[in-house]
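K.L.:
All chains should be modelled from the sequences, with the hints used to inform the complete structure.
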Amino acid sequence: METAPAALVTGVGRLSGIGAEICRTFAERGIRVCYTFWHPYDRDAPWESDDVFPYQFADELRAAGVEAHGLEIDLSLPGAPATLMRQANEKLGEIAILVNNAAVSEQVDILEMDGPMLDRHYAVNVRGMALLTRAFVAQFSAGSGGRIVNLTSGQGQGPMPWELAYATSKGAVEAFTNSLSPTVAPKGITVNAVNPGPTDTGWMSDDLRVTLLEQFPMGRIGTTRDAANLVAFLVSPEGVWITGQVINSEGGFWGK
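Its first residue numbered 0, the sequence shown is counted upward by one per residue in numbering that gives the first Met the number 0.
None of these hints come from the bench; they were simulated from the model.
Computed from a predicted structure; not experimentally measured.
Distance windows between CB atoms, simulated: (1) G155 / V209: 25 to 31 Å; (2) G251 / D205: 18 to 24 Å; (3) Q106 / A3: 36 to 42 Å; (4) L212 / G243: 28 to 34 Å; (5) Q244 / T82: 27 to 33 Å; (6) G201 / G78: 28 to 34 Å; (7) P158 / T2: 43 to 49 Å; (8) E27 / G142: 23 to 29 Å; (9) D50 / A81: 25 to 31 Å.
Glycine included, C-beta positions come from ideal geometry on N, C-alpha and C.
P.N.:
Okay, here's the thing in structure tokens:
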């Protein structure tokens, strides 16, 4: 009997987040899941956090019929990616799918930006992502069916003046995606980036939601399931011919 594929999804700290919805969508498709979270970051973030959710979320995924494990880890530490991949391998065996969703985001203008802030963004959004990808490629031996999906933020679609450090780091993610794809294609691994556009994960104020709604020609704001469905397609067998792409899946959103 063929073993169901195994996925590692980072940045799954919130009930209403994109990372959690990706895990749910994977579970519905029979994909076994390891996911990561880091409480200290979520506690200090401007959105509502839930200390219990990350520990209980594995039970929700198991109820869908798949093996699931939550791993708490600080991806800003240089050695964390290798440790995380080793833990995921111990739980699920060889990982076939990697979703780099974890990110640091702080809103400041150019005069408030400093070295430590840039380092915080780089440590997780770039170095953590790149080293975890390296660890994924090193352990992948199946020869086909490997999938890497990096979450980005449409920083190339228009200015993000209050998130300069974040936009800079996510620009690096897109460059990494493009340059990595031909390197790992012979190993049977595809690499893509997804920009889900403004997505209602609980961080939007009522005023912002009204403003954004006017810029969506489809008459609604993006949902976490919209993003998760695209990621699920990219990691499916049907996504085998798509690699090196940055996909702006924004429902026709025209504003910035």
